[in-house]
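Enquirer: Given chain R's structure and the hints, the job is docking chains Y and X onto it.
As given, the protein sequences belong to chains R, Y and X, one line each in that order. Counting with my numbering, you get residues 1 to 657 for the letters of the first sequence. Counting with my numbering, you get residues 1 to 116 for the letters of the second sequence. Counting with my numbering, you get residues 1 to 169 for the letters of the third sequence.
If you are wondering where the hints come from, they were derived from the structure by calculation, not from laboratory data. The reader is advised that the hints may include incorrect statements.
In silico DMTMM-like cross-links for lysine to aspartate or glutamate, where the CA-CA straight-line distance does not exceed 25 Å [stated by the list, open to error]:
| id | chain 1 | residue 1 | chain 2 | residue 2 |
| --- | --- | --- | --- | --- |
| 1 | R | 631 | Y | 88 |
| 2 | R | 580 | R | 565 |
| 3 | X | 168 | Y | 88 |
| 4 | R | 174 | R | 323 |
| 5 | X | 91 | Y | 2 |
| 6 | X | 25 | Y | 112 |
| 7 | R | 580 | R | 348 |
| 8 | R | 174 | R | 586 |
| 9 | R | 402 | R | 471 |
| 10 | R | 114 | R | 393 |
| 11 | X | 168 | Y | 73 |
| 12 | R | 557 | R | 471 |
| 13 | R | 114 | R | 484 |
| 14 | R | 402 | R | 484 |
| 15 | R | 580 | R | 393 |
| 16 | R | 557 | R | 323 |
| 17 | X | 90 | Y | 112 |
| 18 | X | 141 | Y | 73 |
| 19 | R | 114 | R | 323 |
| 20 | Y | 104 | Y | 88 |
| 21 | R | 174 | R | 585 |
All values reported here derive from a predicted model rather than from experimental measurement.
As a plain string of letters, each chain reads:
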Amino acid sequence: MEYTILILLLPFLSFLFLGLAGKWLSHRTSGLIGTTVLAAITILSYCTAYTYFTADRCADGSYATLVPYNATWLPLGHLNFDLGILLDPISVMMLIVITTVSFMVHIYSFGYMKGERGFQRYYAFLSLFTMSMLGLVVATNIFQMYLFWELVGVSSYLLIGFYYTLPAAVAASKKAFIVTRFADLGFLIGILIFGYYTGSFSFDFVNNLQMAEGTTPFIPCGIDKAIAAGGFILPTALTLMFIGGAGKSAMFPLHIWLPDAMEGPTPVSALIHAATMVVAGVYQVARLFPLWVTYAQDWMPIIIWVGVFTAFYAASVACAQSDIKRVLAFSTISQIAFMMVALGVCTEITTGHEHAGSIGYMASMFHLFTHAMFKACLFLGAGCIIHAVHSNEMVAMGGLRKYLPITHATFLISCLAISGIPFFSGFSSKDEIITACMAYSPAVGYIMTAIAAMTAFYMFRLYYGIFWGTENKELHTEHTPHEETIMTAPLVILSIITVGVGIYTTLAGFGLFEGYSFGSLISADGQDYRIHFDPSVASLSTIIAICSIALATYIFKGETQPVADRMYNAAPRLHRWAYKRFYMDEVYQFITHRIIFAYVSRPIAWFDRHVIDGFFNFLAWGTHTLSNNIKGFQSGRVQQYALVFLIGILVLILMIL
Amino acid sequence: MDRLNDILNIVLGIHVDISWFLILSALMMFIGIYGFLTRRNTLAILISVELMLNAADINFAAFNRLLFPNGQEGYIFTLFSIAISAAETAIAIAVMINIYRNLKNNFVGNLDKLKW
Amino acid sequence: MAQTIIFLILAAIILGCGIMAVTTKRIMRAATYLMFVLFGTAGLYFLMGYTFLGSVQVMVYAGGVVVLYIFALMLTGRQDKKNPTVSLAKKFAALVASLCGAGLFLFAIITHQFAENILTPPSEQTTPVSLLGEQLLSSDKFGYLLPFEIVSILLLACIVGSLIIARKH
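Just chain R, same shape as in the assembly (with noise of 0.2 Å):
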């Protein structure tokens, strides 16, 4: 498995190439460049992924943990800085998952930005920020992590702002940059605390990790150290870490940098704010799930409830949003709760076959996969449709399903499967993270049911929005929208993918055939796992999503729409209300200039400028006066000097005699 260490370097390099040769090369032979290597390392990824799934179990029926490189990057005497490559089942998952979505991407932004500015720097850009995500992925130690968590933080700024000439697009990076630096604070605060405790940043919490040859063994994590220590220590260090991952996946409250975050080009949105980047807090969370599960389960209710809250917020702020990217990405952020909410609910690391207290992981794990696969295609296809229209809000839009057949084709099956719709992934992937959360507590599960619908509702009202409803003919007939193959092509990919997920999980969920499922390849023990769907739990929840999709068609669907405007009339603060995100940035903006800038900075400020600069100042002004005083002595008359001369001479020989 040596050859996964190319997956890091190849577009590391084509970084490096792109981004200092790019202003010699054409826009063809860079997009060319940065293709072919994620072809290349997609191909290295999918080889990665089928050696390490069909090679045998270890003894306990779980997956060996590979660690093909780990180098001391730091040694800091017992505290070590590592740097390497670990494999196992969800970071090998999430290989397949960025390298896919990040090959689509660069195939699809060949139409998207051509002849766009800065073509070769935005293919720079994505290369590293595919080199980063990569990296974080592959961490074999929390620093690790830490270190491309903010290397992906980076490159997610550069690309949000890449139309830096635009200010909402650099506000919008800006903010970005600044809300997660914020949460990564308690990232990193959960990590100092962490190692201080535990002597380790390692990753070896309790998986038997059979070690490739010739590496060091990891130094034995010292949990028992930081139990002794205290008892709230770990969960103090976790919750702190799940601040930064809640930062980077965008949870209410620090999820307000990812509406506008899609100021950036639409590729960019779908590989790093819907599919890969922001799912890194969820990574995140199940990379120290052991510890979670194990040593800080009655902290657990914090990831849940923040979790539901922000998926009920994001998609009741989803249902009122015009701007279809805004659309999409308050859809993301309640998918990510989603998962992050399964996280939460579980309670122990089962063995068996029920898995009845951690299935939420295999289901965040599978909901992850299938969401970035749906959720980019839904990005990329908004990308198609602001590409023909020139325009992110749904009035220009309507009757489009004339112009973009495959996108519409493409965008319907997405939509589906967001909904939750039997033979499509995410109902799979849904059904068990509601299942799980039944499994907990039937409260959570019909909370998380009602959302769920809530996303029915919003996909198709957007749906229908775009490519129903009254055709905006003004605009149409001055440029006619069209599609081209390059940007459609990996729109076909991606429901293909998700389609075919979605036939082979359902049939296999619903035990038509024994086949492999997601759950035998990732599972909270490792084990093998064949996800079987609760009955109930998947017809209702089917239900419930056909229902949705039946109103938002009877409400949206028509050439006008009479009960759209009575719902608008009956509620009119409340769709403002929504419209305006609760009034989420206003509060922010109220916390920071008028309480933060107004009763913190402002003393402090007057601090710096009156205490700091006045000392500094009198130091200046002692220097000035002193100096002045005595630059008499260098006055230019020859007698002066000549008379301190003497009188110089003259205390000489004093002193002499």
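Expert: Frame of chain R, contents of chains Y and X only:
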């Protein structure tokens, strides 16, 4: 009359030795220094410098004559000193004439442009 | 005995004219007083028996340098500003410094024990000029050929330099 004779004898019985010359030259030196410090005209300052130079010359000659009568070093040094002070005077006076040409006066207080 | 009287007279001339030279208001008078000081110095050389040195002093100083001063004074005679008066405080400071210095020097000289040689009347053997000439132009152990030549170059450079500095542009 006898008293006067006695006094004369006492006074004239004192012989001149090296310290007389040294005292004379020291006084001359500090007269020159006083002039250097108080004069405003550059030529007058130069005159004071000549006084100081002469004081030094007297010392050379006196050391040679009274302390090391077998050598010629002080003598020759005085000769060189005279030559060099003549050279110095020539240059200094040329400079002063130039200053006068530019400033229309010769006062040392005006010559502080080189302080920075 | 005669040496003592002559020395005292010469010392009186030197000190008196020196003080006058540095205190008189008229610059031309100062130059004249300087000439008397220089003559007095030459007299001291003669008293010591250094006749050649004395005649050089008279020729170079009194004859050359003082004439140079007088020419320079006449050339720069018309000053467009009044001679600025020196403040009393400055004069006092200079006086105090000079007196202190002189006191220090005199203290050092008087307290020091010099060899008890007294000034004897000069004889024919006191530094014959021929010996001096040989020494100046010899490159032997006690020869001064190199300084002599260097001084000659210095004088040449001075002539050229002062011509360049003082000429009209």
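Enquirer: Which earlier hints can't be squared with this structure?
Expert: Those not satisfied are hints 1, 5, 7, 11.
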